[in-house]
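Kindly produce the complete structure, drawing on both the sequences and the hints.
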Amino acid sequence: MKIISDKNNLQILHEDNHIIVVNKRVGDIVQGDKTGDKPLSEVVKEYIKDKYNKPGEVFLGVIHRLDRPTTGIVVFARTSKALSRMNEMFSNRETQKTYWAVVKNKPEQTTAKLVHYLKRNEKNNTSKAHLKEVPDSKIASLDYTVFKELQNYVALEINLHTGRHHQIRVQLAAIGSPIKGDLKYGFDRSNPDGGIHLHARKLFFIHPVSKEEITIIAPTPEETIWNAL
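For the sequence shown, counting from 1, position 122 maps to 122 in full-length UniProt numbering; every step adds exactly one.
Mixed in with the good hints there might be a few duds.
What the hints assert, rightly or not - Below 30 Å or equal to it, Euclidean Cα-Cα: the simulated DSS-like pairs (lysine-lysine) are: (1) LYS148 with LYS34; (2) LYS128 with LYS106; (3) LYS7 with LYS211; (4) LYS138 with LYS34; (5) LYS81 with LYS202; (6) LYS81 with LYS51; (7) LYS106 with LYS81; (8) LYS81 with LYS211; (9) LYS119 with LYS132; (10) LYS202 with LYS148; (11) LYS123 with LYS34; (12) LYS49 with LYS34; (13) LYS119 with LYS104; (14) LYS128 with LYS148; (15) LYS49 with LYS138; (16) LYS54 with LYS38; (17) LYS119 with LYS34; (18) LYS2 with LYS34; (19) LYS113 with LYS49; (20) LYS38 with LYS7; (21) LYS106 with LYS49; (22) LYS132 with LYS51; (23) LYS138 with LYS113; (24) LYS2 with LYS51; (25) LYS34 with LYS54; (26) LYS132 with LYS104.
What the hints assert, rightly or not - Each pair of labels, with its calculated beta carbon distance range: (27) SER210 with THR126: 16 to 26 Å; (28) GLU149 with ASN17: 39 to 49 Å; (29) LEU229 with PHE204: 14 to 24 Å.
Because the hints were derived from the structure by calculation, they are not lab data. Yeah, the Cβ is synthetic: ideal placement off N, Cα and C, and Gly gets one too.
Here it is, written out as C-alpha coordinates:
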(Lines of atoms letter the chains of each structure in order from A and count residues from 1; the text may use other names and numbers.)
(Lines give C-alpha, C1' and ligand atoms only; values in the text may rest on other atoms or scores of the structure.)
Protein backbone atom coordinates (compact mmCIF):
# COMPACT_ATOMS: atom_id res chain seq x y z
CA MET A 1 0.00 0.00 0.00
CA LYS A 2 1.66 3.21 -1.12
CA ILE A 3 1.59 6.64 0.47
CA ILE A 4 -0.11 9.29 -1.66
CA SER A 5 -0.02 12.41 0.51
CA ASP A 6 2.90 14.80 0.35
CA LYS A 7 3.42 18.40 1.47
CA ASN A 8 2.08 19.72 -1.85
CA ASN A 9 -1.18 17.77 -2.02
CA LEU A 10 -2.32 17.58 1.61
CA GLN A 11 -6.06 18.03 2.07
CA ILE A 12 -6.18 20.56 4.92
CA LEU A 13 -9.61 20.74 6.58
CA HIS A 14 -8.76 23.25 9.33
CA GLU A 15 -5.64 25.15 10.28
CA ASP A 16 -4.82 27.66 13.01
CA ASN A 17 -1.92 28.44 15.35
CA HIS A 18 -2.69 25.51 17.65
CA ILE A 19 -4.13 22.66 15.56
CA ILE A 20 -4.14 21.38 12.01
CA VAL A 21 -6.71 18.91 10.65
CA VAL A 22 -6.00 16.76 7.60
CA ASN A 23 -8.15 14.48 5.41
CA LYS A 24 -6.12 11.25 5.44
CA ARG A 25 -5.93 9.16 2.29
CA VAL A 26 -5.75 5.37 1.94
CA GLY A 27 -2.17 4.25 2.53
CA ASP A 28 -1.13 7.16 4.76
CA ILE A 29 0.17 6.11 8.16
CA VAL A 30 -0.45 8.66 10.89
CA GLN A 31 2.68 7.92 12.93
CA GLY A 32 5.92 6.08 12.11
CA ASP A 33 5.85 2.28 12.37
CA LYS A 34 8.04 -0.74 11.56
CA THR A 35 7.41 -0.34 7.80
CA GLY A 36 9.70 2.68 7.79
CA ASP A 37 7.28 4.51 5.46
CA LYS A 38 7.12 8.27 5.91
CA PRO A 39 4.22 9.03 8.29
CA LEU A 40 1.58 11.71 7.78
CA SER A 41 2.95 13.52 10.85
CA GLU A 42 6.25 14.11 9.01
CA VAL A 43 4.44 15.22 5.84
CA VAL A 44 2.44 17.78 7.84
CA LYS A 45 5.65 19.01 9.51
CA GLU A 46 7.19 19.58 6.06
CA TYR A 47 4.06 21.45 4.97
CA ILE A 48 4.20 23.76 8.03
CA LYS A 49 7.96 24.31 7.69
CA ASP A 50 7.55 25.34 4.04
CA LYS A 51 4.40 27.43 4.43
CA TYR A 52 5.59 29.44 7.42
CA ASN A 53 9.33 29.46 6.63
CA LYS A 54 10.10 27.92 10.01
CA PRO A 55 13.77 27.31 10.81
CA GLY A 56 14.78 24.20 12.76
CA GLU A 57 12.49 21.49 14.07
CA VAL A 58 8.72 21.95 13.78
CA PHE A 59 6.58 20.84 16.74
CA LEU A 60 3.70 18.56 15.81
CA GLY A 61 1.84 16.34 18.27
CA VAL A 62 -0.06 13.20 17.26
CA ILE A 63 -3.39 13.17 19.13
CA HIS A 64 -5.11 10.11 17.65
CA ARG A 65 -4.70 7.64 14.79
CA LEU A 66 -6.62 6.05 11.94
CA ASP A 67 -5.83 2.61 10.54
CA ARG A 68 -3.74 2.70 7.38
CA PRO A 69 -6.55 1.47 5.03
CA THR A 70 -9.04 3.99 6.51
CA THR A 71 -9.63 7.57 5.32
CA GLY A 72 -10.81 10.80 6.89
CA ILE A 73 -10.19 13.27 9.71
CA VAL A 74 -6.90 13.32 11.59
CA VAL A 75 -6.10 16.12 14.05
CA PHE A 76 -2.55 17.18 14.93
CA ALA A 77 -1.45 19.68 17.58
CA ARG A 78 0.90 22.54 16.65
CA THR A 79 1.62 23.52 20.27
CA SER A 80 2.29 21.53 23.45
CA LYS A 81 -0.64 23.28 25.16
CA ALA A 82 -3.02 22.14 22.40
CA LEU A 83 -1.56 18.62 22.50
CA SER A 84 -2.15 18.11 26.24
CA ARG A 85 -5.67 19.58 26.11
CA MET A 86 -6.68 17.61 22.99
CA ASN A 87 -5.25 14.39 24.48
CA GLU A 88 -7.39 15.00 27.55
CA MET A 89 -10.51 15.61 25.44
CA PHE A 90 -10.00 12.43 23.41
CA SER A 91 -9.29 10.26 26.45
CA ASN A 92 -12.27 11.71 28.36
CA ARG A 93 -14.50 11.21 25.27
CA GLU A 94 -15.34 14.90 25.09
CA THR A 95 -15.34 14.78 21.29
CA GLN A 96 -18.04 13.47 18.95
CA LYS A 97 -16.76 11.19 16.19
CA THR A 98 -18.90 10.15 13.22
CA TYR A 99 -17.80 7.61 10.64
CA TRP A 100 -19.25 6.37 7.37
CA ALA A 101 -18.89 2.72 6.41
CA VAL A 102 -19.98 0.80 3.32
CA VAL A 103 -20.79 -2.81 4.23
CA LYS A 104 -21.70 -6.00 2.43
CA ASN A 105 -24.84 -7.15 4.22
CA LYS A 106 -27.62 -4.96 5.58
CA PRO A 107 -27.79 -5.29 9.38
CA GLU A 108 -30.99 -6.78 10.79
CA GLN A 109 -31.85 -3.46 12.45
CA THR A 110 -31.81 -0.16 10.58
CA THR A 111 -30.49 1.61 13.65
CA ALA A 112 -28.97 0.06 16.76
CA LYS A 113 -26.39 0.30 19.51
CA LEU A 114 -23.66 -2.34 19.46
CA VAL A 115 -21.82 -3.33 22.63
CA HIS A 116 -19.07 -5.93 22.56
CA TYR A 117 -16.01 -6.85 24.56
CA LEU A 118 -12.95 -6.71 22.33
CA LYS A 119 -9.83 -8.74 22.93
CA ARG A 120 -6.75 -7.72 21.00
CA ASN A 121 -4.30 -10.17 19.44
CA GLU A 122 -1.02 -8.25 19.21
CA LYS A 123 0.69 -10.97 17.19
CA ASN A 124 -1.89 -10.94 14.37
CA ASN A 125 -2.81 -7.25 14.79
CA THR A 126 -6.50 -8.13 15.07
CA SER A 127 -9.26 -7.84 17.66
CA LYS A 128 -12.03 -10.32 18.41
CA ALA A 129 -15.55 -9.36 19.54
CA HIS A 130 -17.21 -11.17 22.45
CA LEU A 131 -20.75 -10.65 23.73
CA LYS A 132 -19.61 -11.14 27.32
CA GLU A 133 -16.54 -9.96 29.15
CA VAL A 134 -13.51 -12.24 28.80
CA PRO A 135 -10.04 -11.87 30.37
CA ASP A 136 -8.07 -8.90 28.96
CA SER A 137 -11.07 -7.63 26.97
CA LYS A 138 -12.26 -4.01 26.81
CA ILE A 139 -15.81 -2.81 26.38
CA ALA A 140 -16.58 -1.26 22.98
CA SER A 141 -19.72 0.64 22.06
CA LEU A 142 -21.10 2.42 18.99
CA ASP A 143 -24.40 3.45 17.41
CA TYR A 144 -25.09 2.96 13.73
CA THR A 145 -27.85 3.98 11.32
CA VAL A 146 -28.38 2.76 7.76
CA PHE A 147 -28.53 5.94 5.66
CA LYS A 148 -28.37 4.63 2.10
CA GLU A 149 -28.92 1.33 0.30
CA LEU A 150 -26.96 0.77 -2.89
CA GLN A 151 -27.27 -2.08 -5.37
CA ASN A 152 -24.84 -4.44 -3.62
CA TYR A 153 -23.91 -2.54 -0.48
CA VAL A 154 -25.34 -0.57 2.42
CA ALA A 155 -23.97 2.70 3.85
CA LEU A 156 -23.95 3.21 7.62
CA GLU A 157 -23.38 6.31 9.73
CA ILE A 158 -21.61 5.38 12.94
CA ASN A 159 -21.19 7.33 16.17
CA LEU A 160 -18.29 6.00 18.17
CA HIS A 161 -18.48 5.98 21.98
CA THR A 162 -15.16 4.23 22.67
CA GLY A 163 -11.93 4.11 20.70
CA ARG A 164 -10.77 0.50 20.64
CA HIS A 165 -8.36 -1.21 18.26
CA HIS A 166 -10.14 -1.85 14.91
CA GLN A 167 -13.41 -1.26 16.79
CA ILE A 168 -15.82 -0.41 13.95
CA ARG A 169 -14.31 -3.04 11.68
CA VAL A 170 -14.62 -5.87 14.19
CA GLN A 171 -18.03 -4.88 15.59
CA LEU A 172 -19.66 -4.65 12.14
CA ALA A 173 -18.07 -7.96 11.14
CA ALA A 174 -19.47 -9.50 14.34
CA ILE A 175 -23.05 -8.72 13.21
CA GLY A 176 -22.40 -10.15 9.74
CA SER A 177 -21.80 -6.83 7.96
CA PRO A 178 -18.08 -6.64 7.12
CA ILE A 179 -16.76 -3.42 5.61
CA LYS A 180 -16.10 -3.42 1.86
CA GLY A 181 -12.48 -4.33 1.17
CA ASP A 182 -11.72 -5.47 4.73
CA LEU A 183 -10.16 -8.91 4.17
CA LYS A 184 -8.93 -9.00 7.76
CA TYR A 185 -12.51 -9.04 9.07
CA GLY A 186 -14.35 -11.20 6.59
CA PHE A 187 -14.93 -9.27 3.36
CA ASP A 188 -14.28 -11.57 0.41
CA ARG A 189 -12.08 -9.36 -1.77
CA SER A 190 -9.80 -6.38 -1.47
CA ASN A 191 -10.32 -2.91 -2.90
CA PRO A 192 -8.04 -1.98 -5.84
CA ASP A 193 -6.18 0.59 -3.70
CA GLY A 194 -5.81 -1.77 -0.74
CA GLY A 195 -8.05 0.43 1.40
CA ILE A 196 -11.39 -0.25 3.07
CA HIS A 197 -14.67 1.69 2.86
CA LEU A 198 -14.42 3.26 6.31
CA HIS A 199 -14.18 7.05 6.51
CA ALA A 200 -13.81 9.34 9.53
CA ARG A 201 -16.48 11.74 8.29
CA LYS A 202 -17.17 14.26 11.06
CA LEU A 203 -15.59 15.48 14.28
CA PHE A 204 -16.98 17.91 16.84
CA PHE A 205 -14.85 19.32 19.65
CA ILE A 206 -14.20 22.45 21.68
CA HIS A 207 -11.06 24.24 20.50
CA PRO A 208 -8.31 23.62 23.10
CA VAL A 209 -7.33 27.31 23.32
CA SER A 210 -10.06 29.59 21.92
CA LYS A 211 -12.83 27.36 23.38
CA GLU A 212 -15.00 27.83 20.29
CA GLU A 213 -17.06 24.92 18.97
CA ILE A 214 -15.40 23.28 15.98
CA THR A 215 -17.14 20.92 13.54
CA ILE A 216 -14.99 19.33 10.84
CA ILE A 217 -16.44 17.41 7.88
CA ALA A 218 -14.12 15.43 5.61
CA PRO A 219 -15.10 14.88 1.96
CA THR A 220 -15.12 11.20 1.00
CA PRO A 221 -12.51 9.85 -1.45
CA GLU A 222 -13.14 10.28 -5.19
CA GLU A 223 -14.38 6.77 -5.89
CA THR A 224 -17.52 5.32 -7.50
CA ILE A 225 -19.24 3.96 -4.39
CA TRP A 226 -18.30 6.90 -2.17
CA ASN A 227 -19.52 9.25 -4.91
CA ALA A 228 -22.94 7.53 -4.83
CA LEU A 229 -23.55 8.56 -1.21
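Ascending list of hint numbers which this structure does not respect: The structure breaks hints 1, 7, 15, 19, 21, 22 and 27; every other hint is satisfied.
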